[in-house]
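Enquirer: Hey, can you work out the whole structure from these sequences and the hints?
Line by line, the protein sequences are chains A and B. Counting with our numbering, you get residues 1 to 390 for the letters of the first sequence. Counting with our numbering, you get residues 1001 to 1390 for the letters of the second sequence.
In case anyone wonders, no lab produced these hints; they're calculated from the structure. Please note that the accuracy of each hint is not assured.
When the alpha-carbon atoms are kept at most 30 Å apart in a straight line, the in silico DSBU-like pairs for lysine-lysine are as follows [said to hold, decoys possible]:
id, chain 1, residue 1, chain 2, residue 2
1, B, 1161, A, 133
2, A, 161, B, 1133
3, A, 161, B, 1270
4, B, 1161, A, 270
Computed far set for chain B versus chain A, every beta-carbon distance over 10 Å [as the list claims (entries may be wrong)]:
id, residue
5, 1001
6, 1029
7, 1068
8, 1079
9, 1197
10, 1236
11, 1254
12, 1272
13, 1288
14, 1352
15, 1353
Cβ coordinates follow ideal geometry from the N, Cα and C atoms, glycine included.
There are 2 protein chains.
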Amino acid sequence: MTRIAIPDGSPFGLANLPYGVFSAPGTTPRVGVRVADSVVDLAAVLHDDVFAHPTLNPFMAQGHERWVEVRERILDAVDGDLPSGAVHPVADVALHMPFDVGDYVDFYASEHHASNLGRLFRPDSEPLMPNWKHLPVGYHGRAGTVVPSGTPIVRPCGQRKAPDDDAPGFGPSRRLDIEAEVGFVVGTGSALGTTVPVDEFSERVFGAVLVNDWSARDIQAWEYVPLGPFLGKSFATSVSPWVVPLLALEAARVATPPQDPEPLPYLREKSPWGLDLELAVEWNGQVVSRPPYREMYWSPAQMLAHMTVNGAATRTGDLFASGTVSGPEKDQRGAFIELTWGGREPMEVAGEPRTFLMDGDEIVLSATAPAADGGRLGFGEVRNRVHPAP
Amino acid sequence: MTRIAIPDGSPFGLANLPYGVFSAPGTTPRVGVRVADSVVDLAAVLHDDVFAHPTLNPFMAQGHERWVEVRERILDAVDGDLPSGAVHPVADVALHMPFDVGDYVDFYASEHHASNLGRLFRPDSEPLMPNWKHLPVGYHGRAGTVVPSGTPIVRPCGQRKAPDDDAPGFGPSRRLDIEAEVGFVVGTGSALGTTVPVDEFSERVFGAVLVNDWSARDIQAWEYVPLGPFLGKSFATSVSPWVVPLLALEAARVATPPQDPEPLPYLREKSPWGLDLELAVEWNGQVVSRPPYREMYWSPAQMLAHMTVNGAATRTGDLFASGTVSGPEKDQRGAFIELTWGGREPMEVAGEPRTFLMDGDEIVLSATAPAADGGRLGFGEVRNRVHPAP
Chain A
1 MTRIAIPDGS PFGLANLPYG VFSAPGTTPR VGVRVADSVV DLAAVLHDDV
51 FAHPTLNPFM AQGHERWVEV RERILDAVDG DLPSGAVHPV ADVALHMPFD
101 VGDYVDFYAS EHHASNLGRL FRPDSEPLMP NWKHLPVGYH GRAGTVVPSG
151 TPIVRPCGQR KAPDDDAPGF GPSRRLDIEA EVGFVVGTGS ALGTTVPVDE
201 FSERVFGAVL VNDWSARDIQ AWEYVPLGPF LGKSFATSVS PWVVPLLALE
251 AARVATPPQD PEPLPYLREK SPWGLDLELA VEWNGQVVSR PPYREMYWSP
301 AQMLAHMTVN GAATRTGDLF ASGTVSGPEK DQRGAFIELT WGGREPMEVA
351 GEPRTFLMDG DEIVLSATAP AADGGRLGFG EVRNRVHPAP
Chain B
1001 MTRIAIPDGS PFGLANLPYG VFSAPGTTPR VGVRVADSVV DLAAVLHDDV
1051 FAHPTLNPFM AQGHERWVEV RERILDAVDG DLPSGAVHPV ADVALHMPFD
1101 VGDYVDFYAS EHHASNLGRL FRPDSEPLMP NWKHLPVGYH GRAGTVVPSG
1151 TPIVRPCGQR KAPDDDAPGF GPSRRLDIEA EVGFVVGTGS ALGTTVPVDE
1201 FSERVFGAVL VNDWSARDIQ AWEYVPLGPF LGKSFATSVS PWVVPLLALE
1251 AARVATPPQD PEPLPYLREK SPWGLDLELA VEWNGQVVSR PPYREMYWSP
1301 AQMLAHMTVN GAATRTGDLF ASGTVSGPEK DQRGAFIELT WGGREPMEVA
1351 GEPRTFLMDG DEIVLSATAP AADGGRLGFG EVRNRVHPAP
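Expert: As C-alpha cells, this is what we get:
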C-alpha cells in the first residue's frame, strides 16, 4: 500500500482532483485522477469498470449525482492508503485525449478580443458587430481535429491573399497564431427539440479544460466571408489532459462584467457568473501574456443556453470553448495577432523580435484558479510544438 | 427461399444497390441493401457480422476494395434465391440513421445559389465574395443534429431582428426554409497532417445521400457576422436513409461547368466531374423545384481536397454536403428564400400563396441519376414535417 504525499501549495491537491485518461506500462488507457505528482487508477481503486474505458465519456454520461458521489469516494480513498499498483508517478504515464469529442463549438465571448479582432480584420467598420452584445457569437469547429497536449502542430498550407495581391497564392501559413481559451465539456446531453436553460448548466457540464485554438490568420482572413472560419482553424485544436471538474471550481466563481444591454430572458441568470482563472501563455519558455478569464463578457451558462435555445441536441463529450481570453491590458491578450497588433508591433521573445509562430516554437498554456481550500488549483498544461509544413 | 422481382424501370434495380440501416420486427438495427421494394439483410445473406452493426461505419472503414467485393457478392446473391427471412418489404421495416456522423461540413458550391443569397443578404455589395471562385467556401455544421428522414422538424426559436427594429426579439423563426443538397460520406479517413488529393476522392468516399439543410433565415441573418451560420442551421439537418454507393454513380458523372479562373494546383483535376443528379423538391405534395446537380461549380473531389489541404484529418462517417443545389432557372432553385426572392414573391402551393414554411408542412426531397444499365437510379427520399415551436 502507498499513501500520496501532497506538498503544501500543490496545484493538484484534494480540492482539485481532475480526471484524465492515462496509460502506464502494462495498462490499457483508462481513467485516472491526478493528485499531486501522482495519477490514481480509478478502476483499480474504486473497483468500477466505467473507469476502465479509454475515455471519460461513459462516466460523464452517468450524470451529476454520480459525479458528486465519485468525487467523495475519491476524496476518501486518496486520504488513506492506496494499492501501490494503482498509483503511478505522472512522469511515468502517457496522457491521452481525455474524452471523445461530440460537437465542438467555439465562442467569441471576450469583448476585448472581439473588439481587437474587429479593428484588425475590418479596420473601416465598428469593431463590434451589432449582434455581439445581444448573443454569444459562436460557430462550429472541427471535432475530429481536437487533439491532446503534446500533439505536434504541423504548420498548415492553404490559400492566402494579401490585400495588394491580384490573386491568392498557396503555401504554408505565414501567420500561424494561437488562441488561449477555456473549454467546457458536456457531461449529460439534451434531446433534440429541447433547451438547456441557464440554471441547468452546473448539472449538465462536467468540467473544464484549457484549449489552444491554433489559427492560421492569413488563411482565415481570405476564406472567412461569408460563412466563417474553416481551414484557418480546422487543422488542430489542442486541449489539456486533465478535465477539472466543475465541482472543483465553485470557489473560482466571480460575477461577469456588467452586461449592457440586459440580455433577452433566455440568457438572464440571477447573477451571471464567470470563473476567476488566471491563464498564462508561455512562448519558448517565456510568459508573454496572462489572460484573465474573469473579464469574459458572456458566462459559460449563457453560452450553453444560447447553443441549445433553438432545440439543438447536445451529447456527452460536446466541447464548447470560450473563444480567446483577452483582458483590457496589452499583456493580457490571448493571441499573438492581438499581442503584436497584426504583426506590426513585434514583441521580444528570448531576445528576438517576434510576431507569429516559427517552426520549432513551443507554446504552453496553463492556468490556476482559487480552490475551496483557500489555495489555488491548477489546470493541466497544453503544450505543443510547431512542426514545419510537409 | 425467395427471389426479388425487379420491375422494369425500378429506381432501385441492380445498378443501384444503396445501403441503409433498418430494423424489422424481431431484428436489431442492421445494415440492409435496397432492391426494388425489398430490403435485404446483409448479415444474414453474406454471413458477415460487419453488417450486424446498427451503422454502416464498420463496413465503410474496411475500404474501397471491400466495397467493390461486397457489391459483387450482393449482385450475385440478389440475382438468385435468398433465404426468405433475409428479405423484408421496405414498407414493413423501420429505417434509421445509416451512419454515425463524424464531422459535418457544409459547402456553398452552387454559383447560382451563392449569387442569389449574396443579393438577398448583402444587397449593397457584389453578390459573390472575392474568394468564391478561388476556393469551395464551406463551414462546419452540427454533426449531432444530423437526423434521418422522418424525424419531426421542430420550428426553432431564436433571436431575430428586422432591419428596422431597434433591438432583437425572441421567438419562433418566421422564415423557416429548406436547402436541397447532396451529401458525401467519407468511408476511409485520413490522418492528421495529411491531405486527400483530388484523385483520391473515389477511393475515400463511400457514397452519397440527399440532405435537407433546414435553415431559419431570420435567425441566420442576425447571427451570422462575422463567424458564419450557427443556430440558424444547427437545429436539424436531415438525410435520406439510403446511401447510394459512389460505385453506382459512375454513369452519372458529368463535367462541371467551366471554372474560370483556373483553380490553384491542389484543386485541379484532369477533368473535374460532377454528377448529373436531378433533384426534386416537393412541398405538401407539389413539386416546386427541380434543382440540377450538374450545374454545381465546384466538384465533390475539389471539396474534399480543399477540406483537407491544411492537414485536417477525416474520419469514417464524416459528411460533407454540397450546399444548396440551385440551377440558373427560377424553378431550379433549391431553397424557398431564392424561390420566393426573400419572401417578396410568394409562390402558389396547393392553391395558396406561400413564402416560408408553416407548421404542418411536409417537405420531400428526391433525386434520380443515370445508371449503368441505361435506366435511372433513385436516391431515397428525405421526408420531414414541420412541427410547431415548443
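Enquirer: If a hint holds in the structure, say so; if it does not, say that too.
Expert: Here's how the hints hold up against the structure:
A C-alpha spacing of about 14 Å is found between residue 1161 (chain B) and residue 133 (chain A), which places the hinted pair at or below 30 Å, so the restraint holds. For the suggested pair residue 161 (chain A) and residue 1133 (chain B), the alpha carbons sit about 14 Å apart, so the restraint of at most 30 Å is met. Of the supplied pair hints, the one linking residue 161 (chain A) and residue 1270 (chain B) holds, its CA atoms being roughly 25 Å apart against a limit of 30 Å. Proposed proximity of residue 1161 (chain B) and residue 270 (chain A) is supported: the alpha carbons are some 25 Å apart, at most 30 Å.
The beta carbon of residue 1001 (chain B) is kept farther than 10 Å from every beta carbon of chain A, the shortest such distance being approximately 42 Å. The beta carbon of residue 1029 (chain B) is kept farther than 10 Å from every beta carbon of chain A, the shortest such distance being approximately 18 Å. Every beta carbon of chain A lies more than 10 Å from that of residue 1068 (chain B), the smallest distance being close to 26 Å; the non-interface claim holds. With a minimum CB-CB distance of about 39 Å to chain A, residue 1079 (chain B) clears the 10 Å threshold, and the non-interface call stands.
Non-interface call for residue 1197 (chain B) relative to chain A: holds, since the shortest CB-CB distance, roughly 12 Å, exceeds 10 Å. Consistency note on residue 1236 (chain B): stated as away from chain A, yet its beta-carbon is not over 10 Å from all of that chain's, at 7 Å minimum. Once the 10 Å rule is applied to beta carbons, residue 1254 (chain B) is consistent with being away from chain A; the minimum gap is 26 Å. For residue 1272 (chain B), the non-interface assignment is confirmed: its Cβ lies about 17 Å from the closest Cβ of chain A, beyond the 10 Å cut-off.
No beta-carbon of chain A is positioned within 10 Å of the beta-carbon of residue 1288 (chain B); the least distance is around 25 Å. For residue 1352 (chain B), the shortest C-beta to C-beta distance to chain A comes to about 27 Å, beyond the 10 Å cut-off, and the non-interface label holds. Taking the minimum C-beta to C-beta distance to chain A, about 27 Å, the non-interface status of residue 1353 (chain B) holds against the 10 Å cut.
The structure fails hint 10 only (numbered hints given earlier).
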